[in-house]
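Colleague: From just these sequences and the hints, can you work out the full model?
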Amino acid sequence: MVVVAHEGVAAASPQQLAPRVPRRRGALSDATLRLLVDSPNEVSERRLRALATRVSGPVLADRDAQLTLWCLYELQYRGLAHVDERWEWSPAVLTLRGALEASFEAELRRAVGDLPRTFADVSRETGLVEAFEAVDQALPGPGASRYVRRSASLAQWQELLVSKSIYQLKEADPHSWAIPRLAGDAKTALVEIQYDEYGAGRRGRQHSQLFAETMRLCGLDPGYAAYLDAVPVSVLALNNLMTMLGLHRRLLAGVVGHLALYESTSCLPNKHYAVAARRLGVPADAVTYFDEHVEADAIHEQVAVVNMLGAHLRDHPDDAEVAGFGVAAGALLDNELARQQLACWRAGRPFLLERVA
Amino acid sequence: MRDIELQPCDGGPLLVRGARVWTDDDGNRHPVLRPVVAVCRCGKSSLRPWCDGTHKLLRVAVALDPRGSAS
Chain A
1 MVVVAHEGVA
11 AASPQQLAPR
21 VPRRRGALSD
31 ATLRLLVDSP
41 NEVSERRLRA
51 LATRVSGPVL
61 ADRDAQLTLW
71 CLYELQYRGL
81 AHVDERWEWS
91 PAVLTLRGAL
101 EASFEAELRR
111 AVGDLPRTFA
121 DVSRETGLVE
131 AFEAVDQALP
141 GPGASRYVRR
151 SASLAQWQEL
161 LVSKSIYQLK
171 EADPHSWAIP
181 RLAGDAKTAL
191 VEIQYDEYGA
201 GRRGRQHSQL
211 FAETMRLCGL
221 DPGYAAYLDA
231 VPVSVLALNN
241 LMTMLGLHRR
251 LLAGVVGHLA
261 LYESTSCLPN
271 KHYAVAARRL
281 GVPADAVTYF
291 DEHVEADAIH
301 EQVAVVNMLG
311 AHLRDHPDDA
321 EVAGFGVAAG
331 ALLDNELARQ
341 QLACWRAGRP
351 FLLERVA
Chain B
1 MRDIELQPCD
11 GGPLLVRGAR
21 VWTDDDGNRH
31 PVLRPVVAVC
41 RCGKSSLRPW
51 CDGTHKLLRV
61 AVALDPRGSA
71 S
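Chains as they are written, first to last, in the numbering used here: chain A, 1 to 357; chain B, 1 to 71.
Among the clues, some could well be false.
Taking lysine to any residue pairs in the SDA-like style, the calculated list, with each CA pair at most 20 Å apart, reads [said to hold, decoys possible]:
1. A:K164 / A:A357
2. A:K187 / B:P35
3. B:K44 / B:P8
4. B:K56 / A:Q137
5. B:K44 / B:G27
6. B:K56 / A:D291
7. B:K56 / A:D136
8. B:K56 / A:A274
9. B:K44 / A:A274
10. B:K56 / A:V306
11. A:K187 / A:Y198
12. A:K187 / B:R34
Just so you know, these hints were derived from the structure itself, not from any lab.
Modeller: So, in structure tokens, the structure goes:
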């Protein structure tokens with residue numbers, strides 16, 4: 001028998017703090033964040049609603065718009081440092097958020113075209129595994145993890161970690177929004193995955209904590225969203241997609257599909273990352289995160305695709321197209337990020353907007 | 001006797017829930033540290049007895065035999 005003491009509470013780690021208000025990147029984020037540092041009041045709420053009416057045109061590749069959306073979404077997670085918690089449910093905030101989401105979702109739906117329907121048709125006629133393959137064939141990844149395995153420098157490795165950190169330091173959280181919305185077998189399967197993601201009852205074993213430790217051991221700041229100012233728009237967009245899918249009940253199957261996508265595309269890249277980490281000579285404990293994901297995601301993939309998404313679509317067959325939207329949009333944005341990283345790294349340019357180490 | 005649940009996955013691993021030990025065919029005992037583990041059935045995993053997703057790279061059908069037992 002192993003006896004583990006749980007006495008003693010560690011000092012607040014940087015992961016427990018709300019992120020600071022980021023550097024403004026344009027007119028919309030500047031105006032929004034200026035209003036949010038005050039407490040909610042009639043004037044500021046009116047101004048936020050006025051900003052919502054001015055949201056027009058594409059937002060998918062607009063860093064100012066995606067940063068604004070990320071900050072408004074963060075009010076639903078941990079909030080922003082020195083921003084009044086009552087903003088979370090301010091109708092004006094939700095109006096501005098809704099305007100950004102409407103453009104974002106419309107652009108994503110145009111970009112993925114018929115793929116959600118293809119996913120639905122293939123999943124019904126052949127099977128879910130084949131439906132994921134159909135999306136993968138239509139949106140093949142550029143092979144960034146193979147590049148990292150063979151060629152990434154230490155600086156590029158750090159850029160990879162920083163790019164991943166916006167999600168990985170809140171790993172699993174966006175998909176947890178689905179827990180109270182699911183029922184039956186799909187809920188059991190989701191919670192089986194999330195229990196593992198959150199450390200399976202073992203202190204310090206949350207995947208987000210393992211990732212923070214990896215960052216620290218690789219010479220980076222493990223603070224939650226510490227590198228928000230450094231990440232390009234593609235990183236913000238894929239994070240915003242997960243939260244949008246998670247926060248809208250009408251997109252429930254989409255967040256379930258997105259999690260199944262992540263679990264079924266993570267095993268082999270993490271194997272490549274583990275090889276890269278060892279090649280670059282980072283401390284052995286920094287590789288734990290990637291080794292853990294090879295083993296855990298081999299399990300999660302089966303649970304996510306068959307037991308979770310399979311059960312949800314068995315109980316709600318009409319949800320297959322929404323699931324396909326989550327899968328296709330997720331693949332689209334992951335590929336876009338990877339393509340940009342590869343283009344920069346192959347050209348010997350940094351991917352991030354700021355030097356990080 | 002513990003309740004052990006076995007779930008074979010199509011073309012993939014065997015999911016094992018509720019086990020404490022997986023004993024492979026050579027008699028090696030592998031402690032089970034998770035509520036659910038995936039046992040390799042294609043024989044190609046680098047983490048055997050556990051699955052590492054390698055079966056997805058195999059183009060030909062492989063014998064799907066977990067070679068061992070849970071307890």
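Colleague: State for each hint whether it applies.
Modeller: Here's how the hints hold up against the structure:
1. A:K164 / A:A357: holds, 16 Å
2. A:K187 / B:P35: OK: K187 of chain A and P35 of chain B at ~16 Å, within 20 Å.
3. B:K44 / B:P8: The hint holds at about 17 Å.
4. B:K56 / A:Q137: Holds. K56 of chain B to Q137 of chain A sits at ~15 Å (cutoff 20 Å).
5. B:K44 / B:G27: Roughly 19 Å between the alpha carbons, so the hint for K44 of chain B and G27 of chain B holds.
6. B:K56 / A:D291: Roughly 18 Å separates the two Cα atoms, so the pair holds.
7. B:K56 / A:D136: holds, 13 Å
8. B:K56 / A:A274: holds, 19 Å
9. B:K44 / A:A274: Judged against 20 Å, a Cα distance of about 18 Å means the pair holds.
10. B:K56 / A:V306: holds, 15 Å
11. A:K187 / A:Y198: Given pair K187 of chain A, Y198 of chain A holds - Cα atoms ~16 Å apart, limit 20 Å.
12. A:K187 / B:R34: holds, 19 Å
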